[in-house]
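Enquirer: Sequence:
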Amino acid sequence: KALRYQLDGWRQEQYKKANYTCYITKKCKSKDKRLQLDVHHMNISFDEVINMAHKNLGIKKRHEFKYQYNEGEFEKITQEVIRIHQEEVEAVVLEHWMHMRLHERYGANFTMEQLKEYKYRYRTNLYKSKNGNYRKKSA
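Sequence positions in the sequence shown follow the working numbering and run 29 to 167.
The hints are simulated quantities; they were obtained by calculation from the structure and are not laboratory data. Since this is a predicted model, take the numbers as computed values, not measurements. Wrong hints could be hidden among the right ones.
Lysine to any residue pairs mimicking SDA-like chemistry, simulated, CA-CA at most 25 Å apart [as the list claims (entries may be wrong)]:
#1 K83 / W38
#2 K88 / L35
#3 K104 / V117
#4 K45 / K88
#5 K147 / Y134
Pairwise CB distance ranges (calculated) [to be verified]:
#6 Y148 / K61: 18 to 24 Å
#7 Y43 / R129: 17 to 23 Å
#8 N98 / Y43: 30 to 36 Å
Glycine included, C-beta positions come from ideal geometry on N, C-alpha and C.
Take these sequences, add in the hints, and give me the full structure.
Expert: Below you can see the structure in the form of structure tokens.
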């Protein structure tokens, strides 16, 4: 968990790029200060980033907890995790409830295609029926 907290700067950059707006609902934090936004990793999961950082540095993975690494190791891992996020991670900003709903529906790693399909269905109020056809959601 300690490494996630090191990403506040990167997370804020993603919010700013998205104008503090949910990709799907288009709700904006400037209009609703209570809006809870998340940043979702699209192409590389957070766990994959952690594994990549350890592998790139040749440091044996213990856990994310800072106290399990010496000061130098934790600092190197932190910098590598930040670098990977800045250079390789594609991210999307979502309302928290929408983020959780997408994970429930598609699992931990949903694709951009799934995200776009869900966005289309949400924005047009269409939902896929059991036979695979789209239908309007009943009121």
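Enquirer: So, for every hint listed, does it hold in this structure?
Expert: Hints, one by one, checked against the model:
no.: 1; hint: K83 / W38; in the structure: 21 Å, holds
no.: 2; hint: K88 / L35; in the structure: 21 Å, holds
no.: 3; hint: K104 / V117; in the structure: 18 Å, holds
no.: 4; hint: K45 / K88; in the structure: 34 Å, violated
no.: 5; hint: K147 / Y134; in the structure: 13 Å, holds
no.: 6; hint: Y148 / K61: 18 to 24 Å; in the structure: 29 Å, violated
no.: 7; hint: Y43 / R129: 17 to 23 Å; in the structure: 20 Å, holds
no.: 8; hint: N98 / Y43: 30 to 36 Å; in the structure: 33 Å, holds
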